[in-house]
Amino acid sequence: MKRYLRFNWMVFAITIMGSAAVGLVNAAIDPYGVIGTPKIQRLNDLKPRQFSNVRLFKAANIIRLKPKAILLGSSRTDLGLDPTHPAFSRVQPAYNLGLVGPNMYEVRRYFEHALANQPNLKQVVIGIDFFMFNKYKTNSPDFVDGRLGKHFYKPKDLLATTLSFGALTASLETIEASFQSDAFYLYAPHGMRYVYGGKVREPMTVRFEQSLSEYLNSAEYYKKFQLSQAYLADLRTLVEICKQRNIDLKVFISPSHATQFEAIRVAGHWSKFEDWKREVVKITPVWDFSGYNTITTEPIHDGMRHYWDNSHYTKEVGDLVLNRMLGYGKEKVPNDFGVLLTPETIESHLNQIIANRKVWLSESPQTIAFIETLALKAPQSAPAQTQ
Amino acid sequence: MLGMNGISLPETFQTLLPWLSYQEVEFTGFSYLPSDYKQGVMVLVLLLVVVVWLPNTQQIVQRLQPSRLWAISLGSIATLCLISLNRVSEFLYFQF
Numbered sequence: 001m002k003r004y005l006r007f008n009w010m011v012f013a014i015t016i017m018g019s020a021a022v023g024l025v026n027a028a029i030d031p032y033g034v035i036g037t038p039k040i041q042r043l044n045d046l047k048p049r050q051f052s053n054v055r056l057f058k059a060a061n062i063i064r065l066k067p068k069a070i071l072l073g074s075s076r077t078d079l080g081l082d083p084t085h086p087a088f089s090r091v092q093p094a095y096n097l098g099l100v101g102p103n104m105y106e107v108r109r110y111f112e113h114a115l116a117n118q119p120n121l122k123q124v125v126i127g128i129d130f131f132m133f134n135k136y137k138t139n140s141p142d143f144v145d146g147r148l149g150k151h152f153y154k155p156k157d158l159l160a161t162t163l164s165f166g167a168l169t170a171s172l173e174t175i176e177a178s179f180q181s182d183a184f185y186l187y188a189p190h191g192m193r194y195v196y197g198g199k200v201r202e203p204m205t206v207r208f209e210q211s212l213s214e215y216l217n218s219a220e221y222y223k224k225f226q227l228s229q230a231y232l233a234d235l236r237t238l239v240e241i242c243k244q245r246n247i248d249l250k251v252f253i254s255p256s257h258a259t260q261f262e263a264i265r266v267a268g269h270w271s272k273f274e275d276w277k278r279e280v281v282k283i284t285p286v287w288d289f290s291g292y293n294t295i296t297t298e299p300i301h302d303g304m305r306h307y308w309d310n311s312h313y314t315k316e317v318g319d320l321v322l323n324r325m326l327g328y329g330k331e332k333v334p335n336d337f338g339v340l341l342t343p344e345t346i347e348s349h350l351n352q353i354i355a356n357r358k359v360w361l362s363e364s365p366q367t368i369a370f371i372e373t374l375a376l377k378a379p380q381s382a383p384a385q386t387q
Numbered sequence: 001m002l003g004m005n006g007i008s009l010p011e012t013f014q015t016l017l018p019w020l021s022y023q024e025v026e027f028t029g030f031s032y033l034p035s036d037y038k039q040g041v042m043v044l045v046l047l048l049v050v051v052v053w054l055p056n057t058q059q060i061v062q063r064l065q066p067s068r069l070w071a072i073s074l075g076s077i078a079t080l081c082l083i084s085l086n087r088v089s090e091f092l093y094f095q096f
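Residue numbers (our numbering), protein chains in the order written: chain A, 1 to 387; chain B, 1 to 96.
Quick caveat, the hints were computed from the structure, so don't treat them as lab data. Treat the hints loosely; a few may be bogus.
[Stated by the list, open to error] Output of the computed footprint for chain B on chain A, the stretches with three or more beta carbons under 8 Å from beta carbons of chain B:
hint	region
1	6-12
2	134-148
3	157-163
4	166-176
[What the hints assert, rightly or not] In silico contact screen, one side only, chain B against chain A (beta carbon under 7 Å); selected entries:
hint	residue
5	S35
6	P66
7	A71
8	L74
9	G75
10	L82
11	I83
12	N86
13	S89
14	E90
15	Y93
We put the CB at the ideal spot given by N, CA and C, even for glycine.
Next comes chain B alone, as it looks inside the complex (with noise of 0.2 Å):
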C-alpha cells in the first residue's frame, strides 16, 4: 500500500500523466482493465470505495451466522472458485 516496492501504472495511464518518470513508476499491462483510460481511473475509483467503506474478509467472518442464507451464498461462492480453477485452453484462429 505504501509503495515500498514501487508503483505500478497501467500503461494506458502514461498519456494523462505523461511527467511521472520511469524511475518512479512503472508502466505495465493490467489485463483486468479496460483499455481506455478514463474507464480504468472510473473502475479504480469505484474499486478504492469498495475497499475503504465494505467490511473486509475478517469483517465479513465476524458476521457470520450459520444460517441457510449463508449456506447458500458461501456454497454459491465455493462452486464459482471450483469451476473458475479449470480451463479450456481455446485459440481463435484468424483463417489459416
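Chain A on its own, in the form it takes in the complex (with noise of 0.2 Å):
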C-alpha cells in the first residue's frame, strides 16, 4: 500500500513540475509580449507571434502601461502611426492601439478598455477605414469582449498565455526567430508595429495586386459592402466620450495608396464610399487623407518610400499625418494631403477627389493598365466602375 502511495505522490509531483516547467519558460521568453519579462538577445527579443495575437497583448499592455494618448484604428494605424512622434512629448506614454482588420465595435472596445485603464486619458488619435463600418465585417475570432475594461489581465488569457502547448511553440519560434534574427513584422514597446529590416521580400507589383485581389474577394471588406448604422453609433459614441471628458480627439481617413480607392470604385461601392463620408462628417469634424494627391499618387515600383503595399502607409507618411492634424512640423507637410471635413466642406471635396482623380491617370497611363487587371480580379457580381 505504501508502495502506491509513494507512486501516486511521484505522479503528482512529476505532473506538478512538468506544468511548472512550461509554465516558467513561457514566462521567461514571453511570446506574445503580455507579462512584460526582460528580452534578452537571441533569446527572446523578436517575436514574430505577436502579430497573430494583437488584440490579446494590446489588451494586456493598455492594463500596465496605461497610456494617456492612444492611437486607434485598423491595421494602417498599426503599421504607420508612431507614439513616439514629437508632437505627443507632452502625453506620454502614449501607445499604438491599432488593431488589424478590426470593425468600429472593436475599436470602440479597446478605446475604452484604455479609458477604464487610464482615466486621465488625454489625446486619441483614430485613422478610420471605409471597411471598419461594413455591416459584413464581423468581429474578428481574436476579439475577446470580456477580457476589456478590466484592470487585471484575466485568469484564462494568463493561463492560456503559459500553461498551454500552443505558447511552448510560439516561445521555441520565439527563440529560433531571436537566434537566427530572422522576423517579418514585430512590434515595438509602444505597439506600433514594423517591418524587420525595413524591406518587403516580394515585388512590389506582387504585394499590391495579391492585397487589392483580397480586398476585392472577401465578402467583409468590398465583395459585399453595405454601410453599418450600429458602426456609425459606435463612432458617435467615442466622439461623445471624448467630449464629455475633454479628450483631444481627431479622426482621419486612412492615406492608403490611390489603387486602393481604385477597388472600391471597381467593386461597384464609390456612391457609399462617399455616402459613408458623408456619414461620419455629421459625427464629427474629419481629415480626409484618402483620394489622389502627393502622397497617394506614388507610382508603384521596388523601393517606395511611402508605401509597403496598397493600403499601408509608412511612418514618413504617418508622421506627415500626424504634422498636418496637430500643427507640428506642418511646413514638411505637402499642400493637398489632409483636408479636415466639415458639412459645409464636404461636398467640394467629394467633387475635387473626382477632379483629381482625371488629372492622375491622365498623367499616369502604367496605372490605368494596373486597373484594368484589378477589374478581372473583381467578383463577377459586382458591377464594374472603372471609368
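Take the two lone chains, each set in its own frame, and fit them into one complex as the hints suggest.
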C-alpha cells in the first residue's frame, strides 16, 4: 500500500513540476509580449507571434502601461503611426492601439478599455477605413469582449499564454527567430508594428495585386458592402465620450494608395464610399487623407517611399498625417495632403477628389493598365466601374 | 464499430469511392486527417493496426507497476494533457 502511495505522489509531483517548467519557460520567453519579462538578445528579443495575437497583447499592455495618449484604428494605424512622434511629447506614455482588420465596434471597445485603465486620458487619434463600417465585417475570431474594461489580466488569458502547448510552440518559434535574427512583422514596446530590416521580400507589384485581390474577394471587405448604422453609432459614442471627458480627439481617413480607392470603385461601392464620408462628417470633423494627392499617387515600384502595399502607408507618411492634424512641422506636409472635412465643405471636397482622379489617370497610363487588371480580379457579381 | 449510427468518411474519399451513395455514407470533414486521400488511407490503416494489435487502456492498466519509470511516463502524459487544455485564440491575418 505504501508503495502505491509513494507512486501516486511521484506521478503528482512530476505532473506539477512538468507543468511548472512549461509555465516558467513561457513566462520567461514571453512569446506574446504580455508578461513584460526582459528581452534578451538572440533569445527572446524578436517575437513574431505577436502579429497573430494583436488583440490579446495590446489589451494586456494597456493594463500595464496605462497610456495617456492612444492611437486607434486598423492595421494602417498599427503600422504607420508612431507614438514617439514629437507632437505626443506632453502626453506620454502614448500607445499605438491599432488592431488588425477590426470593425468600428472593436475599436470602440479598445478605446473604452484604455479609458477604464487611464481615466486621465488626454489624447486620442483614430484612423478610420471604409471597411470598418461594413455591416458584414464581423468581430475578429481573436476578439474577446470579456477581456476589455478590466484592470487585471484575465486568469484564463494568463493560463493560455503560459500553461499551454500553443504557448510552448510560440516560445520555441520566438527563440528560433531571435537566434537566427529572422522575422518580418514585429512590435515595438509602444505598440507600433514595424517591418524587421525595413524591406519587403516580394516585388511591390505582387504585393499590390495580391492584397487588392483579397480586398475585392473578401465578403467582409469589398465583395459585399452595406454601411452599418451600428458601427456609425460606435463612432458617435466614442466622439461623445471624448467630448464629455475633455479628451482631444483627432479623426482621419487613412491615406491608402490611390489604387485602394480604385478597388472601391471597381467593386461598385464608390457612391457608398462617398455616403460613408457624409455620415462620418455629421458625427465629427474628419481629416481626409484619402483620394489622389501627392502622397497617395506614388508610382508603384520596388523601394516605394510611402507604402508597404496598396493600403499600408509607411511611418514617414504617418508622421506627415500627425504633423498635419496636430499642427507640428506643417511646412513639411504637402499642401494637398489632408483636408479637414465639415458638413459645409464635404460636397466640394468630394467633387475635388473626382477632379484629382481625372488628372492622375491622365498622367499615369501605366496605372490605368494596372487598374484594368484589378477589374478582372473583382467578383463577377460586382458592377465594375472602371471609368 | 458496427455503423449503427451511420458511417462517416472523409470528403476526400469521395473521389476514391464515388459509387457510395449519400444514403449509405456521409462524407464529411476530418480535420485531423491529411487532405490527400492516399495519405488519409495510410493513416487509417496504421491506426487500425494500432487499435487491433496494441493493448487498450484496460490492458495497459493491468500491467501497471508502481515503478519510477511508470511514474515518469504517467506524469509526462498528465502534463501534456494539462497544457493541452488551455489554448490561445490566434488569428493569422492577411494584410488588413
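Evaluation of the provided hints:
1. Note: the region 6-12 of chain A has 5 residues with beta-carbon separation from chain B under 8 Å; the three-residue rule is met and the coverage holds.
2. Check result for the region 134-148 of chain A against chain B: holds, 4 residues qualifying (beta carbon to beta carbon below 8 Å, three or more required).
3. Counting residues of the region 157-163 of chain A whose CB lies closer than 8 Å to any CB of chain B gives 4, which reaches the minimum of 3, so the coverage claim holds.
4. Here's how the region 166-176 of chain A fares: 4 of its residues keep a CB closer than 8 Å to some CB of chain B, so the rule of at least three is met and the hint holds.
5. Contact between S35(B) and chain A, as hinted, is not supported at the beta carbon level, the nearest pair being about 21 Å apart and thus beyond 7 Å.
6. The criterion of a C-beta within 7 Å of any C-beta in chain A is met by P66(B), whose closest approach is roughly 3 Å, and the hint holds.
7. Annotation: A71(B) was flagged as interfacial toward chain A, and the flag holds, the nearest CB pair being 4 Å apart, inside 7 Å.
8. Satisfaction of the interface hint for L74(B) is found here, the shortest Cβ-Cβ separation to chain A being roughly 5 Å, below the 7 Å cut-off.
9. The criterion of a C-beta within 7 Å of any C-beta in chain A is met by G75(B), whose closest approach is roughly 3 Å, and the hint holds.
10. Because the closest C-beta pair between L82(B) and chain A is about 5 Å apart, less than 7 Å, the hint holds.
11. Taking 7 Å as the C-beta contact cut-off toward chain A, the hint placing I83(B) at the interface holds, the least distance being around 5 Å.
12. For N86(B), the interface hint holds, the least distance from its beta-carbon to any beta-carbon of chain A being 4 Å, beneath 7 Å.
13. Of the supplied interface hints, the one on S89(B) holds, with its beta-carbon coming within about 5 Å of a beta-carbon of chain A, less than 7 Å.
14. With 7 Å as the threshold, the beta carbon of E90(B) comes within range of chain A, its nearest partner Cβ sitting at about 5 Å, so the hint holds.
15. Because the smallest distance between the Cβ of Y93(B) and any Cβ of chain A comes to about 5 Å, under 7 Å, the interface hint for this residue holds.
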